[in-house]
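Visitor: Residue strings, one per chain:
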Amino acid sequence: MNARSRLTLFTLLFVMTALPAVAAAPARGDEASARGAVLARFDAALHADAAALERLLADDLDYCNFRGDCETKRQYIDAVKSGSLKYKSIEPTVERVKLFVDTAAVTGRVRVTATRDGLERTIHASYLAVLAWRDGRWQLTSWSSTLLELQPVS
Amino acid sequence: MKTRRTTLPAVLLSMAALVSVPCLAKDSPREAALRAAEIRRFEANVNADARALGELLDEGLEYVHSNGELDSKKSFIDSLTSGRRDYASTAADIETIRILGDVAVIRGTARVTVIDAGTTRELHIGYTDVWVWKNNRWQMTAWRSARLPDSPVK
Chain A
1 MNARSRLTLF
11 TLLFVMTALP
21 AVAAAPARGD
31 EASARGAVLA
41 RFDAALHADA
51 AALERLLADD
61 LDYCNFRGDC
71 ETKRQYIDAV
81 KSGSLKYKSI
91 EPTVERVKLF
101 VDTAAVTGRV
111 RVTATRDGLE
121 RTIHASYLAV
131 LAWRDGRWQL
141 TSWSSTLLEL
151 QPVS
Chain B
1 MKTRRTTLPA
11 VLLSMAALVS
21 VPCLAKDSPR
31 EAALRAAEIR
41 RFEANVNADA
51 RALGELLDEG
61 LEYVHSNGEL
71 DSKKSFIDSL
81 TSGRRDYAST
91 AADIETIRIL
101 GDVAVIRGTA
111 RVTVIDAGTT
121 RELHIGYTDV
131 WVWKNNRWQM
141 TAWRSARLPD
151 SPVK
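Listed in order, the protein sequences are those of chains A and B.
Numbering follows the working numbering, with no gaps: position 108 of the first sequence is 108.
Numbering follows the working numbering, with no gaps: position 33 of the second sequence is 33.
Among the clues, some could well be false.
[As the list claims (entries may be wrong)] What follows is a set of in silico ranges between Cβ atoms, one per label pair, in the way DEER data are often shown:
1. B:GLU122 - A:GLU54: 37 to 45 Å
2. B:THR96 - A:ARG67: 33 to 41 Å
3. B:SER82 - A:ARG55: 46 to 54 Å
4. B:ASP150 - A:ARG74: 25 to 33 Å
5. A:THR122 - B:GLU69: 19 to 27 Å
6. B:GLU122 - A:ASP69: 18 to 26 Å
7. B:ILE115 - A:ALA27: 47 to 55 Å
8. B:GLU59 - A:ALA27: 26 to 34 Å
9. B:ALA32 - A:THR113: 38 to 46 Å
10. A:GLU120 - B:ASN135: 41 to 49 Å
11. B:ARG137 - A:ARG55: 31 to 39 Å
[Unchecked claim] Negatives, chain A to chain B, calculated, CB over 10 Å:
12. ASP30
13. LEU46
14. ASP60
15. ARG74
16. THR113
17. ALA114
18. ASP117
Simulated from the structure, these hints should not be mistaken for lab results.
Note that the Cβ used here is the ideal one computed from N, Cα and C, for glycine as well.
Produce the entire structure from the sequences given, and follow the hints as far as they go.
Guide: Following this line, the structure appears as structure tokens:
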């Protein structure tokens, strides 16, 4: 095999191996992946999965709960890791995804039973999640919710 | 459009804007435009100014009030022009503005006096709203608020 043939073969092999990887990593987020990222965040919170939360939450996250208290990414993950915020159940629905260039606004409702600093509550809230497409994935950059019902359990 | 109560809200809003002067100094033109749009929107609510709200609100607006009630752009404007909902005064304080490409997220607090179907309510709320840059201007596309623990009406 001469040098030119070897170069052609190498180029062909490179393209064949690189193409699936390129196809697997979407250049832009879409509606389905935004919906998936919001649901994955609920799942990570429920299972206190700090590693997943690190990936799913943006460094500039502004997380405002139904009482209007706002936390950073670090504060939220620390609360979940330490158990001061412990989710017992989360039942979310995603109602609408508005897709912009590299941002998505996802709205829906969620019923959550959680213990915060020893007080267990079940809340039903309407939420607004803003996702930013960074490093090839959706990251939650803003969270806010409005209380629909509050049921103190204990 | 009603005009009877423009002075006091305008003063309150101007005061809130003045408090934020250090931030204003470093605002980019787009950020300054957004801050102005937010202040104008609160004024338009108090003045039931359908024309201004027509420009400032996105067609796809989802406005969830602090009591969980959901309004579209049309139903929100209709509620003000019909007098069913009457914002007597609003003193807003913009805390953060984040611009994410063609989308922006504002977080703030507001003291609101609203007459809702004849009942006057004094509210202290924390809010997050999402704006989108469309047709060369900012338009609000989502609003969520939470009643703060010291809100006169919980």
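Visitor: Determine for every hint whether it applies to the structure shown.
Guide: How the hints compare with the structure:
Distance hint for GLU122 (chain B) and GLU54 (chain A): a CB-CB separation of about 41 Å, consistent with the stated range 37 to 45 Å. The beta-carbon spacing between THR96 (chain B) and ARG67 (chain A), approximately 18 Å, falls outside the hinted interval of 33 to 41 Å. Against the hinted window of 46 to 54 Å, the Cβ-Cβ separation of SER82 (chain B) and ARG55 (chain A) comes to about 47 Å, which satisfies the hint. Checked against the given bound of 25 to 33 Å, the beta carbons of ASP150 (chain B) and ARG74 (chain A), roughly 26 Å apart, stay inside it.
The beta-carbon spacing between THR122 (chain A) and GLU69 (chain B), approximately 21 Å, falls within the hinted interval of 19 to 27 Å. Separated by about 21 Å at the C-beta atoms, GLU122 (chain B) and ASP69 (chain A) satisfy the suggested range of 18 to 26 Å. Our hint of 47 to 55 Å for ILE115 (chain B) and ALA27 (chain A) holds, since their Cβ atoms are close to 50 Å apart. Distance hint check for GLU59 (chain B) and ALA27 (chain A): the Cβ-Cβ separation is about 28 Å, which falls inside the suggested range of 26 to 34 Å.
A hinted range of 38 to 46 Å for the beta carbons of ALA32 (chain B) and THR113 (chain A) is consistent with their spacing of about 43 Å. Distance hint check: the CB atoms of GLU120 (chain A) and ASN135 (chain B) are about 48 Å apart, consistent with the given range 41 to 49 Å. In this structure the supplied range 31 to 39 Å holds for ARG137 (chain B) paired with ARG55 (chain A), their Cβ-Cβ distance being about 35 Å. Even its closest Cβ contact with chain B, about 16 Å, leaves ASP30 (chain A) beyond 10 Å, as expected for a residue assigned away from the interface.
Here LEU46 (chain A) stays apart from chain B, with its beta-carbon at least about 22 Å from theirs, past the 10 Å limit. The claim that ASP60 (chain A) is not at the interface with chain B is violated, since a C-beta of that chain comes within 10 Å of its own (minimum 7 Å). Against chain B, the non-interface label of ARG74 (chain A) holds: every CB pair exceeds 10 Å, the least being about 17 Å. Every CB of chain B is more than 10 Å from the CB of THR113 (chain A) (nearest about 19 Å), matching its label as outside the interface.
Even its closest Cβ contact with chain B, about 16 Å, leaves ALA114 (chain A) beyond 10 Å, as expected for a residue assigned away from the interface. Consistency note on ASP117 (chain A): stated as away from chain B, and its beta-carbon is indeed over 10 Å from all of that chain's, at 14 Å minimum.
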